[in-house]
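Chemist: So the chains spell out like this:
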Amino acid sequence: MFTRGSLVPAEIYLNVAASGLLTGLVYGLMALGLSVIFGVVRVVNFAHGEMMTVAMYIALVLFTAYGLDPLVAMVPIAAVLFAFGYLLQAGLINPFITRPEHSQFMLLVAIALILVNLQLIAFGPDAQGVHTSYSFDSYALGPLIIDASKAYAAIAALVVAAALFAFFRFTLLGKAIRACADNYHGALVVGLNVKHLYALTFGLGAACVGAAGAMLMVVIDVTPSIGPAYTLLAFVIVITGGMGSMPGALLGGVLIGVTEALGGLLFTPSAKSMFAFGLLVLVLLFRPQGILGKKTA
Amino acid sequence: MAALLVVDNVSKSFSGLRAVQDVSFTVPAGEIVALIGPNGAGKTTCFNLIAGVYRPDQGEVRFADQRIDGWRPDQICRAGIGRTFQLVKPFAGLSVLENVTVGALNASASVPEAQDRSKAVLDKLGLWSKRDRTAGALTLPERKLLEVARALATGPRLLLLDEVMAGLRPTEVNTMVSLFRELNASSGLTILLIEHVMRAVMALSRTVVVLHHGQVIAAGTPDEVTRNPAVLESYLGEEAL
Amino acid sequence: MIKLLLAGVPRTGLLMLAILLALFVALPFFVSDYLVTVLFLILYFAFVGQAWNIMMGFAGQLSLGHALYVGLGAYAAAALYVHFGISPWIGLWASMGISAVAGAIIGFLAFRFGVGGVYFAILTIAFAEFARIGFDHFTWVDGSSGFFLPVANYTENDLWNLRGSTRMFYYLMLGMTVAALLACHALLRSRAGYYWLAIRESPEAAQALGINIFKYKMYAVVLSAAMTSLAGVIFAFFYNNLFPEQIFHISRSIELILAPIIGGVGTLAGPLVGAFLLTALAEGLREVMLQLGVDVPGVKQVFYGICLLLVVMFLPDGVWPPLSKLLGLDRKTPDREG
Numbered sequence: 000m001f002t003r004g005s006l007v008p009a010e011i012y013l014n015v016a017a018s019g020l021l022t023g024l025v026y027g028l029m030a031l032g033l034s035v036i037f038g039v040v041r042v043v044n045f046a047h048g049e050m051m052t053v054a055m056y057i058a059l060v061l062f063t064a065y066g067l068d069p070l071v072a073m074v075p076i077a078a079v080l081f082a083f084g085y086l087l088q089a090g091l092i093n094p095f096i097t098r099p100e101h102s103q104f105m106l107l108v109a110i111a112l113i114l115v116n117l118q119l120i121a122f123g124p125d126a127q128g129v130h131t132s133y134s135f136d137s138y139a140l141g142p143l144i145i146d147a148s149k150a151y152a153a154i155a156a157l158v159v160a161a162a163l164f165a166f167f168r169f170t171l172l173g174k175a176i177r178a179c180a181d182n183y184h185g186a187l188v189v190g191l192n193v194k195h196l197y198a199l200t201f202g203l204g205a206a207c208v209g210a211a212g213a214m215l216m217v218v219i220d221v222t223p224s225i226g227p228a229y230t231l232l233a234f235v236i237v238i239t240g241g242m243g244s245m246p247g248a249l250l251g252g253v254l255i256g257v258t259e260a261l262g263g264l265l266f267t268p269s270a271k272s273m274f275a276f277g278l279l280v281l282v283l284l285f286r287p288q289g290i291l292g293k294k295t296a
Numbered sequence: 000m001a002a003l004l005v006v007d008n009v010s011k012s013f014s015g016l017r018a019v020q021d022v023s024f025t026v027p028a029g030e031i032v033a034l035i036g037p038n039g040a041g042k043t044t045c046f047n048l049i050a051g052v053y054r055p056d057q058g059e060v061r062f063a064d065q066r067i068d069g070w071r072p073d074q075i076c077r078a079g080i081g082r083t084f085q086l087v088k089p090f091a092g093l094s095v096l097e098n099v100t101v102g103a104l105n106a107s108a109s110v111p112e113a114q115d116r117s118k119a120v121l122d123k124l125g126l127w128s129k130r131d132r133t134a135g136a137l138t139l140p141e142r143k144l145l146e147v148a149r150a151l152a153t154g155p156r157l158l159l160l161d162e163v164m165a166g167l168r169p170t171e172v173n174t175m176v177s178l179f180r181e182l183n184a185s186s187g188l189t190i191l192l193i194e195h196v197m198r199a200v201m202a203l204s205r206t207v208v209v210l211h212h213g214q215v216i217a218a219g220t221p222d223e224v225t226r227n228p229a230v231l232e233s234y235l236g237e238e239a240l
Numbered sequence: 000m001i002k003l004l005l006a007g008v009p010r011t012g013l014l015m016l017a018i019l020l021a022l023f024v025a026l027p028f029f030v031s032d033y034l035v036t037v038l039f040l041i042l043y044f045a046f047v048g049q050a051w052n053i054m055m056g057f058a059g060q061l062s063l064g065h066a067l068y069v070g071l072g073a074y075a076a077a078a079l080y081v082h083f084g085i086s087p088w089i090g091l092w093a094s095m096g097i098s099a100v101a102g103a104i105i106g107f108l109a110f111r112f113g114v115g116g117v118y119f120a121i122l123t124i125a126f127a128e129f130a131r132i133g134f135d136h137f138t139w140v141d142g143s144s145g146f147f148l149p150v151a152n153y154t155e156n157d158l159w160n161l162r163g164s165t166r167m168f169y170y171l172m173l174g175m176t177v178a179a180l181l182a183c184h185a186l187l188r189s190r191a192g193y194y195w196l197a198i199r200e201s202p203e204a205a206q207a208l209g210i211n212i213f214k215y216k217m218y219a220v221v222l223s224a225a226m227t228s229l230a231g232v233i234f235a236f237f238y239n240n241l242f243p244e245q246i247f248h249i250s251r252s253i254e255l256i257l258a259p260i261i262g263g264v265g266t267l268a269g270p271l272v273g274a275f276l277l278t279a280l281a282e283g284l285r286e287v288m289l290q291l292g293v294d295v296p297g298v299k300q301v302f303y304g305i306c307l308l309l310v311v312m313f314l315p316d317g318v319w320p321p322l323s324k325l326l327g328l329d330r331k332t333p334d335r336e337g
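Residue numbers (numbering that gives the first Met the number 0), protein chains in the order written: chain A, 0 to 296; chain B, 0 to 240; chain C, 0 to 337.
Read the hints as simulated data drawn from the structure, not as lab findings. Mixed in with the good hints, there may be bad ones.
[Claimed, not checked] One-sided excerpt, in silico: chain C residues whose CB lies under 10 angstroms from chain A:
| # | residue |
| --- | --- |
| 1 | Leu61 |
| 2 | Leu79 |
| 3 | Ile121 |
| 4 | Val140 |
| 5 | Ser143 |
| 6 | Gly145 |
| 7 | Arg162 |
| 8 | Gly163 |
| 9 | Ser250 |
| 10 | Ile256 |
| 11 | Leu309 |
[To be verified] Computed beta-carbon distance windows for the label pairs:
| # | chain 1 | residue 1 | chain 2 | residue 2 | range |
| --- | --- | --- | --- | --- | --- |
| 12 | C | Ala25 | A | Ala78 | 55 to 61 angstroms |
| 13 | A | Gly128 | C | Leu158 | 48 to 54 angstroms |
| 14 | C | Glu244 | A | Gln127 | 44 to 50 angstroms |
| 15 | C | His82 | A | Asp181 | 40 to 46 angstroms |
| 16 | B | Glu59 | A | Leu86 | 58 to 64 angstroms |
All values reported here derive from a predicted model rather than from experimental measurement. Glycine included, C-beta positions come from ideal geometry on N, C-alpha and C.
All chains should be built: construct the whole structure from the sequences, respecting the hints.
Modeler: What follows is the structure, encoded as structure tokens:
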């Protein structure tokens with residue numbers, strides 16, 4: 000490994016950090032889905048990244064077949080993923096909520112294994128991407144040069160995240176779901192249909208990752224093999240930010256996005272995810288509840 | 000008689016809440032001492048401080064003239080204190096014999112020796128016929144017995160019993176009481192028990208320590224304690240009304 | 000010694016084991032090279048499954064990064080052989096040592112800081128990923144372009160340098176699998192075995208009974224890691240090429256744990272039964288696809304996924320526990336009401 004740091008002027012650092020921040024917001028939205036699911040259903044979605052690549056492939060097909068911009072297609076894609084998530088929870092995972100932790104984990108490992116290889120069968124192993132009209136546009140902001148694609152994707156991520164925050168804070172349904180998360184038996188006693196609410200939550204988490212997948216499609220190429228990689232990335236982000244904490248997921252996303260971007264610049268790009276894992280190990284050891292997570296006794 | 004266990008001015012708080020405050024009492028070797036008090040009085044916290052689950056914020060715990068506060072639970076067990084849990088924690092997937100053998104290994108050089116030791120304990124507690132059952136399939140009274148059997152198998156000098164008679168039928172309580180009496184008489188086993196079943200407390204213990212709001216409010220013979228107005232007011236009064 | 004190893008196994012079980020062993024010894028004389036490779040794979044997965052089972056099945060610590068130890072073991076022995084001509088029989092000690100140290104580091108960090116359950120599983124994945132990316136840039140073993148062992152057409156089996164025919168590797172693997180089975184059987188009957196099961200079932204109760212749970216969890220990780228790395232040595236010398244991208248990959252870690260999960264976590268026969276079922280079914284599937292003229296990568300993995308899904312859903316204890324009951328091999332005598 001060699002260092003290129005000394006040769007790189009300061010603006011480049013700034014540019015790379017800004018670009019990492021924007022990508023990080025999309026990562027944050029993806030991880031938000033994982034965090035919401037864990038926070039309420041207490042299940043770790045090991046198929047998270049694989050669900051995201053499903054969304055990316057749908058975006059790809061809609062773009063190549065109908066010329067639909069992924070940032071527009073985001074809405075129907077999120078809806079499809081919502082339905083998928085709802086059915087998955089209602090059909091497969093709900094019977095598992097009283098099973099031991101590792102048993103739930105293995106169920107989702109199986110689902111992940113099936114999803115990623117179905118994608119391999121359907122789309123092949125090669126990387127595929129989309130080229131939108133704004134693929135090569137950029138904005139100059141003082142010394143910063145910002146990719147239009149990344150900027151749009153980041154804005155979309157912020158909008159979706161804000162909508163989700165609002166849903167949980169202000170709607171009756173959102174409050175009911177939070178009640179389930181706080182006290183499962185209490186929620187049962189007051190007559191909430193917990194299984195339905197769990198399924199809704201999983202659906203919402205899946206919709207988040209679906210929207211994030213559509214957004215990422217304008218930034219990166221998709222191959223089936225990035226699914227497991229993004230599952231891991233989502234874990235890293237959520238554990239860093241704090242499992243079950245919604246602001247934590249966004250913060251973690253940004254942190255990992257910037258860390259990866261700078262790591263890629265300072266060392267070789269292929270080693271960039273090492274920095275993310277380094278961060279994960281540090282957090283697990285010294286602040287296992289995550290940066291914004293609540294400490295459990 | 001020499002004190003086997005000395006709890007000396009021990010305090011423990013959880014996030015600002017004082018669960019146990021300046022608690023002191025002693026358990027003389029060969030005695031049976033009962034720790035009583037209303038729910039939330041800090042009895043189980045006291046046990047956990049002795050057994051090493053928690054480290055006291057202040058004060059000392061001495062066992063056989065050795066400071067043991069701050070030791071890990073396994074070190075305390077090896078020092079000679081066996082304990083049961085209020086909410087029983089059987090090794091649900093293992094057989095009854097295997098459960099007890101795990102405990103017996105603490106005091107045995109080899110697995111066969113531990114198995115022999117387990118057989119003796121299970122015989123004494125009337126569980127030998129159930130040795131091949133998985134612990135998860137036992138009834139609650141059987142699980143309570145298993146909890147005692149496992150702790151006994153570790154070869155303790157002091158046995159901490161946390162509400163082992165709760166939920167038992169009167170005849171089962173009688174059996175347990177005579178069992179502990181017999182253990183105490185025959186092998187000089189020292190026992191400290193938390194118990195809500197007053198009949199058992201009266202029948203077993205020569206000394207009773209009463210906890211209320213994390214503090215010792217009375218100590219003495221069962222007779223003295225039950226006549227103590229402070230106890231009547233705080234504990235018996237509360238329960239009787 | 001023999002008596003100790005066979006204690007507690009029912010007579011019918013012993014008989015079946017003997018028949019099975021005889022079958023495994025005799026089969027290569029009657030079947031094609033290809034089938035020997037398939038049998039080799041069954042034994043390979045049974046062996047690593049057994050090693051993983053020590054950690055998860057016995058001590059209850061879920062590792063999803065066991066590819067790390069396969070990879071470290073493979074690279075260590077292969078590098079010593081290629082760079083210095085050191086025989087794998089000596090290199091394997093380096094393999095086991097390095098993997099044991101890696102396991103000890105992960106275990107120490109996790110168990111000292113109270114990282115458990117799913118978090119522990121993710122930590123194990125993180126370390127495997129670390130190794131994958133690290134080895135991509137590790138030029139001494141040719142980084143991401145892959146590390147190759149010299150290959151020639153071997154007319155004679157050179158056991159000392161592990162250069163030779165599939166059949167040689169097969170018998171070696173058979174020996175290792177039998178040894179692993181016996182070792183695990185003995186371990187379960189030892190103090191450590193009892194303590195591991197106790198820790199798996201209830202760490203608090205185990206600790207209250209005098210068990211130093213940190214120490215025994217460390218034993219499990221270190222032993223499991225060292226044993227897994229032996230499979231890595233065989234892997235390196237059998238396939239003769241190593242790519243960080245493959246050997247440390249998360250999908251390899253998952254592949255390793257399928258056999259014991261399908262066979263039955265925590266059972267001795269589970270890894271072998273699971274490996275047999277999985278490999279046999281996968282080969283059947285391959286045959287069917289060949290007949291149909293379909294050649295698509297990923298089908299086998301989808302099939303694995305479905306098998307795993309079905310087992311996790313409908314046979315949460317794996318195939319072996321109900322199967323052994325069916326064969327009358329379960330050791331515990333069910334006592335009637337009494």
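Chemist: Against each hint, give a clear statement of whether it holds in the structure.
Modeler: A quick look at each hint next to the structure:
With its C-beta approaching chain A no nearer than about 5 angstroms, leucine 61(C) sits inside the 10 angstroms limit, and its interface hint holds. With its C-beta approaching chain A no nearer than about 24 angstroms, leucine 79(C) sits outside the 10 angstroms limit, and its interface hint is violated. For isoleucine 121(C), the interface hint holds, since its Cβ comes within 10 angstroms of a Cβ in chain A; the closest pair sits about 5 angstroms apart. Contact between valine 140(C) and chain A, as hinted, is not supported at the beta carbon level, the nearest pair being about 15 angstroms apart and thus beyond 10 angstroms.
Because the beta carbon of serine 143(C) sits about 8 angstroms from the nearest beta carbon in chain A, less than 10 angstroms, this interface hint is met. With 10 angstroms as the threshold, the beta carbon of glycine 145(C) stays out of range of chain A, its nearest partner Cβ sitting at about 15 angstroms, so the hint is violated. The interface hint given for arginine 162(C) is broken, as the beta carbon of that residue sits about 33 angstroms from the closest beta carbon of chain A, more than 10 angstroms. With its C-beta approaching chain A no nearer than about 34 angstroms, glycine 163(C) sits outside the 10 angstroms limit, and its interface hint is violated.
Given the 10 angstroms rule on beta carbons, the hint for serine 250(C) holds: about 7 angstroms separates it from the nearest Cβ of chain A. Satisfaction of the interface hint for isoleucine 256(C) is found here, the shortest Cβ-Cβ separation to chain A being roughly 8 angstroms, below the 10 angstroms cut-off. The beta carbon of leucine 309(C) comes within 9 angstroms of a beta carbon in chain A, closer than 10 angstroms, and the hint placing it at the interface holds. Judged by the Cβ atoms, the range 55 to 61 angstroms given for alanine 25(C) and alanine 78(A) holds: they are separated by roughly 60 angstroms.
In this structure the supplied range 48 to 54 angstroms holds for glycine 128(A) paired with leucine 158(C), their Cβ-Cβ distance being about 51 angstroms. Taken as a hint, the range 44 to 50 angstroms is violated for the pair glutamate 244(C) and glutamine 127(A), whose Cβ atoms sit roughly 20 angstroms apart. A hinted range of 40 to 46 angstroms is violated for the C-beta pair histidine 82(C) and aspartate 181(A), which are about 59 angstroms apart. As the Cβ distance of glutamate 59(B) to leucine 86(A) is approximately 60 angstroms, the hint placing it in 58 to 64 angstroms holds.
Taken one by one, the earlier hints fail for this structure at numbers 2, 4, 6, 7, 8, 14 and 15, listed in ascending order.
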